[in-house]
Amino acid sequence: MNDKHHHGHGHICGPECSHDYNHNHGQGHVCGPDCDHDHDHGHGQLFADDKERPSVYSFSYSIELDREVSGEELLSVLSAWIEELRDWAVQNNYLVGHIKTFTENEEGMNLWLACTGRSVIPKTSPGWETSRIKSFKVSLAEIIFGTDKHALEEKTLEIFNRKLPEHKKV
Amino acid sequence: MNLILFCGFLGSGKTSLILSLAYYLVGEAKTDKPSLAIIENEIGEVGIDDKVLKSGGYEVKELFAGCICCQLTSDLVVTLNDLHEKYNPRWVIVEATGLAYPSSILGTVKKYGKGIESIKSVTVVDAERWDELTEITPVLVESQVTQGDTVLINKVDLVSPIDVKTVEEHIARINPNADIYKVSANKEIDKSIWRKVGGLDER
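Order-wise, the sequence lines are chains W and E.
If you're matching positions, the first sequence starts at 1 in the numbering used here and goes up one per residue.
If you're matching positions, the second sequence starts at 1 in the numbering used here and goes up one per residue.
Everything labelled a hint here was simulated from the structure, so no lab data went into it.
Here a beta-carbon is modelled for each residue, glycine too, at the ideal position from N, C-alpha and C.
Certain hints may be false.
Claimed, not checked - Now the stretches of chain W that chain E is said to cover, found in silico as 3 or more residues with beta-carbon under 8 angstroms:
#1 54-68
#2 96-106
#3 110-116
#4 127-141
Claimed, not checked - Have a look at the derived ranges for each label pair, beta carbon to beta carbon:
#5 E:Asp157 to W:Gly108: 27 to 37 angstroms
#6 W:Asp66 to E:Glu117: 35 to 45 angstroms
#7 W:Glu166 to E:Glu45: 48 to 58 angstroms
#8 E:Glu117 to W:Lys123: 26 to 36 angstroms
#9 W:Thr130 to E:Arg173: 41 to 51 angstroms
#10 W:Gly108 to E:Asn81: 45 to 55 angstroms
#11 W:Leu65 to E:Asn81: 21 to 31 angstroms
#12 E:Val139 to W:Asn92: 39 to 49 angstroms
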């Protein structure tokens with residue numbers, strides 16, 4: 001049996017594991033450069049069952065719009081995207097760890113959206129609202145407990161493409 | 001280098017508070033030498049907080065696609081030691097992922113970090129989600145609170161004073177040795193908190 005493997009967050013070491021599971025990083029063991037075991041650990045002991053395991057999804061896209069919009073319009077559209085994603089999670093009884101986006105326009109102005117299952121909090125750099133935007137770069141990072149990565153990715157992109165119909169990824 | 005480790009659950013407000021602390025420390029440094037660097041850790045392959053921190057003009061080193069408490073321990077050590085050798089800034093702020101166990105990170109840094117003069121651990125707690133998170137992930141939340149030299153109860157403007165007091169009392173029971181402060185990252189932070197976290201009163 002191969003004991004060199006990656007767990008990722010969520011794996012619970014147990015007697016059925018082929019590697020030495022008899023240590024716990026959360027309670028004292030520290031992996032260092034001289035550790036003789038070559039695997040990493042998750043935080044499985046955090047979660048009582050599969051529904052409480054985190055799914056992680058992130059992307060970064062350069063977007064070109066068919067028409068120029070104001071920074072305020074783009075803020076509204078991207079906020080609506082995150083709000084609908086949050087609502088989907090809440091309606092399915094998933095726990096939103098966080099949903100975060102960072103958007104930068106051609107002039108280097110930026111918009112930061114953050115949500116933990118309640119309000120979507122926007123922060124903008126000076127001049128964002130009145131700036132005119134034809135292309136921008138948007139990055140998203142989200143961690144949601146209870147769903148799987150595939151469903152999370154699918155839902156995230158489906159809402160994004162619906163909220164922002166006149167665009168192409170470049 | 002004086003290392004300041006920020007831990008706390010996802011969405012608790014670590015990045016906003018680090019921006020405030022970094023702004024204060026750089027202002028206090030009063031030197032042209034590199035005074036501050038930030039190590040940003042994200043579980044996902046794409047980071048957001050590093051972009052926010054870079055937009056504030058800070059030197060940011062990224063450790064992505066894993067957690068420095070378990071998956072990226074070696075990467076953390078290499079990054080810290082590289083910073084020491086090349087820049088040796090006065091402060092290094094490490095922002096852990098919201099799922100990190102601080103005890104593991106502190107153990108790694110103490111054992112393998114070079115040129116580290118002091119280590120302070122700051123735990124950020126989300127007052128708005130305290131009840132929910134202590135119910136769903138009690139082991140992690142308690143571990144994060146236990147390891148904090150300083151615990152910042154954030155978002156106190158979003159909950160009632162009675163609820164804030166309940167959170168504060170719960171935290172004091174978990175970690176009676178911590179300095180506990182109530183803050184709102186959207187408002188100005190009391191400079192005496194940042195002086196203490198930055199060790200400025202110890203010189």
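Hints versus structure:
1. 54-68: With 6 residues in contact (Cβ-Cβ under 8 angstroms with chain E), the coverage given for the region 54-68 of chain W holds.
2. 96-106: With 7 residues closer than 8 angstroms to chain E, the region 96-106 of chain W meets the three-residue bar; holds.
3. 110-116: Holds: 5 residues of the region 110-116 of chain W have a Cβ under 8 angstroms from chain E.
4. 127-141: holds (count 3)
5. E:Asp157 to W:Gly108: 27 to 37 angstroms: holds, 31 angstroms
6. W:Asp66 to E:Glu117: 35 to 45 angstroms: Given a distance of about 55 angstroms, which is not inside 35 to 45 angstroms, the answer is violated.
7. W:Glu166 to E:Glu45: 48 to 58 angstroms: With a Cβ separation near 28 angstroms, Glu166 of chain W and Glu45 of chain E fall outside 48 to 58 angstroms, so the hint is violated.
8. E:Glu117 to W:Lys123: 26 to 36 angstroms: holds, 33 angstroms
9. W:Thr130 to E:Arg173: 41 to 51 angstroms: Since the Cβ atoms of Thr130 of chain W and Arg173 of chain E sit about 50 angstroms apart, the hinted range of 41 to 51 angstroms holds.
10. W:Gly108 to E:Asn81: 45 to 55 angstroms: Once the Cβ atoms are compared, 32 angstroms apart, the range 45 to 55 angstroms for Asn81 of chain E and Gly108 of chain W is violated.
11. W:Leu65 to E:Asn81: 21 to 31 angstroms: violated, 45 angstroms
12. E:Val139 to W:Asn92: 39 to 49 angstroms: Taking Cβ atoms as reference, Val139 of chain E and Asn92 of chain W lie about 24 angstroms apart, which means the hint is violated.
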